[in-house]
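Visitor: Listed here are the chains, written in short residue letters.
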Amino acid sequence: MPDVIDHRPNRQPQPDRIKRDPAPSRLQYRLERMWLRPIWRRAVRVGVPAFLVAMTAGIWLSDEDRRAQLSDGVQHVLDKVQSREEFLVRTMVIEGVSPVVDEALRKMLPVDLPASSFDIDLTALRLQVMQLDVIESVDLRIKPGGILSAVVKEREPAVLWRHARGIEILDRTGHRVASVTSRDVRADLPLIAGEGADLAVPEALSLIDAAGPILPRVRGLVRKGERRWDLELDHGQKIMLPAEDAVIALQAAIALDRAQDLLGRDITAVDLRNPSQPALRLGIDARNTIREARGQALLGPDGKVIIPEDDKKGG
Amino acid sequence: MAELYQTQRAMRNIRRAALQRGVIGILDIGTSKIACLVLRFDGTGTFRETDGVGPMAGQANFKVIGAASTRSRGMRRGEIDVMAETERAIRTVVAAAQKVAGVRVDHVIACLSGGRPASYGLAGEITLESGRVHEHDVARVLAACDAPDFGRGREVLHAQPVNFAVDNRSGLGDPRDHVGNKLACDMHLLTVDGDVIGNLVQCIRRCDLELAGIASASYASARAALVEDEQELGSACIDFGGGGTGVSIFVKKHMIFADNVKIGGHLVTQDIAQGLRIPLPVAERLKTLNGGVEATGRDDRDMLDLGGDATGWDGDRRPVSRADLIGIMRPRVEEILEGVREVLDAAGFDSMPSQQIVLTGGGSQIPGLDGLAARILGPNIRCGRPLRIDGLAHQFTDPSFSSAVGLALFAAHPQDEWWDFEMPADSYPTRSLRRAYRWFRNNW
Numbered sequence: 001m002p003d004v005i006d007h008r009p010n011r012q013p014q015p016d017r018i019k020r021d022p023a024p025s026r027l028q029y030r031l032e033r034m035w036l037r038p039i040w041r042r043a044v045r046v047g048v049p050a051f052l053v054a055m056t057a058g059i060w061l062s063d064e065d066r067r068a069q070l071s072d073g074v075q076h077v078l079d080k081v082q083s084r085e086e087f088l089v090r091t092m093v094i095e096g097v098s099p100v101v102d103e104a105l106r107k108m109l110p111v112d113l114p115a116s117s118f119d120i121d122l123t124a125l126r127l128q129v130m131q132l133d134v135i136e137s138v139d140l141r142i143k144p145g146g147i148l149s150a151v152v153k154e155r156e157p158a159v160l161w162r163h164a165r166g167i168e169i170l171d172r173t174g175h176r177v178a179s180v181t182s183r184d185v186r187a188d189l190p191l192i193a194g195e196g197a198d199l200a201v202p203e204a205l206s207l208i209d210a211a212g213p214i215l216p217r218v219r220g221l222v223r224k225g226e227r228r229w230d231l232e233l234d235h236g237q238k239i240m241l242p243a244e245d246a247v248i249a250l251q252a253a254i255a256l257d258r259a260q261d262l263l264g265r266d267i268t269a270v271d272l273r274n275p276s277q278p279a280l281r282l283g284i285d286a287r288n289t290i291r292e293a294r295g296q297a298l299l300g301p302d303g304k305v306i307i308p309e310d311d312k313k314g315g
Numbered sequence: 001m002a003e004l005y006q007t008q009r010a011m012r013n014i015r016r017a018a019l020q021r022g023v024i025g026i027l028d029i030g031t032s033k034i035a036c037l038v039l040r041f042d043g044t045g046t047f048r049e050t051d052g053v054g055p056m057a058g059q060a061n062f063k064v065i066g067a068a069s070t071r072s073r074g075m076r077r078g079e080i081d082v083m084a085e086t087e088r089a090i091r092t093v094v095a096a097a098q099k100v101a102g103v104r105v106d107h108v109i110a111c112l113s114g115g116r117p118a119s120y121g122l123a124g125e126i127t128l129e130s131g132r133v134h135e136h137d138v139a140r141v142l143a144a145c146d147a148p149d150f151g152r153g154r155e156v157l158h159a160q161p162v163n164f165a166v167d168n169r170s171g172l173g174d175p176r177d178h179v180g181n182k183l184a185c186d187m188h189l190l191t192v193d194g195d196v197i198g199n200l201v202q203c204i205r206r207c208d209l210e211l212a213g214i215a216s217a218s219y220a221s222a223r224a225a226l227v228e229d230e231q232e233l234g235s236a237c238i239d240f241g242g243g244g245t246g247v248s249i250f251v252k253k254h255m256i257f258a259d260n261v262k263i264g265g266h267l268v269t270q271d272i273a274q275g276l277r278i279p280l281p282v283a284e285r286l287k288t289l290n291g292g293v294e295a296t297g298r299d300d301r302d303m304l305d306l307g308g309d310a311t312g313w314d315g316d317r318r319p320v321s322r323a324d325l326i327g328i329m330r331p332r333v334e335e336i337l338e339g340v341r342e343v344l345d346a347a348g349f350d351s352m353p354s355q356q357i358v359l360t361g362g363g364s365q366i367p368g369l370d371g372l373a374a375r376i377l378g379p380n381i382r383c384g385r386p387l388r389i390d391g392l393a394h395q396f397t398d399p400s401f402s403s404a405v406g407l408a409l410f411a412a413h414p415q416d417e418w419w420d421f422e423m424p425a426d427s428y429p430t431r432s433l434r435r436a437y438r439w440f441r442n443n444w
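Residue numbers (UniProt numbering), protein chains in the order written: chain A, 1 to 315; chain B, 1 to 444.
What the hints contain is simulated information worked out from the structure, not anything from laboratory work.
Glycine included, C-beta positions come from ideal geometry on N, C-alpha and C.
Errors might be hidden in some of the hints.
[Said to hold, decoys possible] Some chain B residues near chain A, calculated using beta-carbon distances under 10 angstroms:
1. Arg73
2. Arg76
3. Thr92
4. Arg104
5. Arg206
6. Glu210
7. Ile376
8. Asn380
[Unchecked claim] Listed next, with one range per pair, are the computed distances between beta-carbon atoms:
9. A:Ile5 with B:Arg71: 44 to 52 angstroms
10. B:Ala393 with A:His7: 27 to 35 angstroms
11. A:Glu32 with B:Gly378: 23 to 31 angstroms
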């Protein structure tokens, strides 16, 4: 036991304070400053992870088997999803067409049903369908329940057009609807003829509308020089209409007919090409009557003057 | 002088380049602390009415985006004492400020408080050949100032034209295009020890920083602490620093005198440490927390906790009153103020039209200093805080940061110096090409 007892409280052993220099070392300072450069920041933050990802993927994909495995797996998953029940198209519904067109359409649409809706290219199908002249528009869509629906609007036949290669049915706009073999197939439709007549179908239709009272006598409209119309009537009569305001001219001709029974007389043509100077071409009989009255030589059926026999001999 | 002209111009160019890049650092290396501000110049001015801040005296084209300050190391009396230590301190503060700003700082503007500054007032006069003051005449009259012998190893830190006179019309700020026969100018020249600047440059360069400008600390703190009227009418700014006390006199918005009193706050701390026999950090703490210069009766009863651990396990239990502390501090502060008084007398401050004195710097926060200074220096005393600049955190707005703020103002709006004018053509006759170019430019 020591002689002197130290009663002072034990001094707490002070933890050794580490004298740390607050200054960054030169290397740390330089690195910090380098880090503050945007290009370095970007390189490290984007470049390094991108490089690592690319390198890992590259190494992994460098093996042929793994590549095949990967593509197989992806294809498998794709098939599995696409061939699900929900995506299957089983039936095709076509609305708004006549039975003939319906059959043609069904033949045309090359879809083996049932098929996955991923495999049906609606745009290509639509283009294909639109190639049919008879179809004006088609609304193709896949409806819920696995139905491929085609709502079709057909072109309405308006006129028959006879041209050098046959007879065609046109709609109101002049677009071809179908070909027919003879005029009797659609006797209810008016007939137009001539080159370029299909380009002026609306005008032709309005002319036919305007020809109401003489409609039973109308045989058809002939397009002349792709410019104007001739209205052909029976008995070889025709009304030659001007290129412009043809309907007004036709109405004038009809008014004349009403007032003076113009078309009932022996007239071959009513020439309205110049509306201010309407002209009539008389028939042979009428002209002969006039010539007889004037004491002139008569005309033959070919329109030539009949020279009397005695004159021939004398001449 | 030509060499100095080149180096200063190079620094101006670096500063211009830094402003173009938009980021510049401010490094105020003092004896007791180092402050670093990172300024972003965005040209347009980020002044917003909603902030409740006025237009900031036109200083709104820059913003402080990072600021840090740390204890200075290796400095003594405003000069670098241990280069490696100072370099570490600079690294610390620059790294911290960069971290706050998130931007790398490449160019810094530094200030220098020590280095035995010496101020000279120079006068020059030329006759005008064309009867009108042209741009090159200004450069000629500045070059015509007869420089005294500065002594060996002195470097010019500031050379600011203070006043121009054409014939007998004096007090012209900008003499260009004035008509007259004679052009005279007064220039204020501040020289410091070249080695001190060299050490500073070397230290900054070792931190991978480029020096874009250098200014005298007393000049910088006066630019921050003096309001515009005081700069115009004439006043003295006294910057109480740790290692020295800077004195600068401004009139007509130009510094006309600067000097340094080599006694600063560290000497006060040393006195406290010696007088109370306590370690220096404790003395510093006592000085900042409890210091003062005017003792009152209450201070006798105001006992201070020394808190030192030098004597034993239970700390220092000596009875020290605040009056004792003030009794130690006051003679030293008086001594500093006497030194300032001498400097002001030597500068002829008495004959100035305005006797305004502004105290700034860390030491100006001693309570009661303005009363003591009024007794020694003169009646018009004010404690000045630095100008508010955009983005500066609140803890950096106290008077000890006035030289840092002043350097920021210096970076944004430097006053004309001699090297901002084109050197007169006859000083470098070999560069005839440039002369020919200038002749072409002036005549076409």
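Visitor: Does each hint fit the structure? Answer for all of them.
Guide: Consistency of the hints with the structure:
no.: 1; hint: Arg73; in the structure: 8 angstroms, holds
no.: 2; hint: Arg76; in the structure: 18 angstroms, violated
no.: 3; hint: Thr92; in the structure: 4 angstroms, holds
no.: 4; hint: Arg104; in the structure: 4 angstroms, holds
no.: 5; hint: Arg206; in the structure: 8 angstroms, holds
no.: 6; hint: Glu210; in the structure: 13 angstroms, violated
no.: 7; hint: Ile376; in the structure: 39 angstroms, violated
no.: 8; hint: Asn380; in the structure: 42 angstroms, violated
no.: 9; hint: A:Ile5 with B:Arg71: 44 to 52 angstroms; in the structure: 45 angstroms, holds
no.: 10; hint: B:Ala393 with A:His7: 27 to 35 angstroms; in the structure: 52 angstroms, violated
no.: 11; hint: A:Glu32 with B:Gly378: 23 to 31 angstroms; in the structure: 49 angstroms, violated
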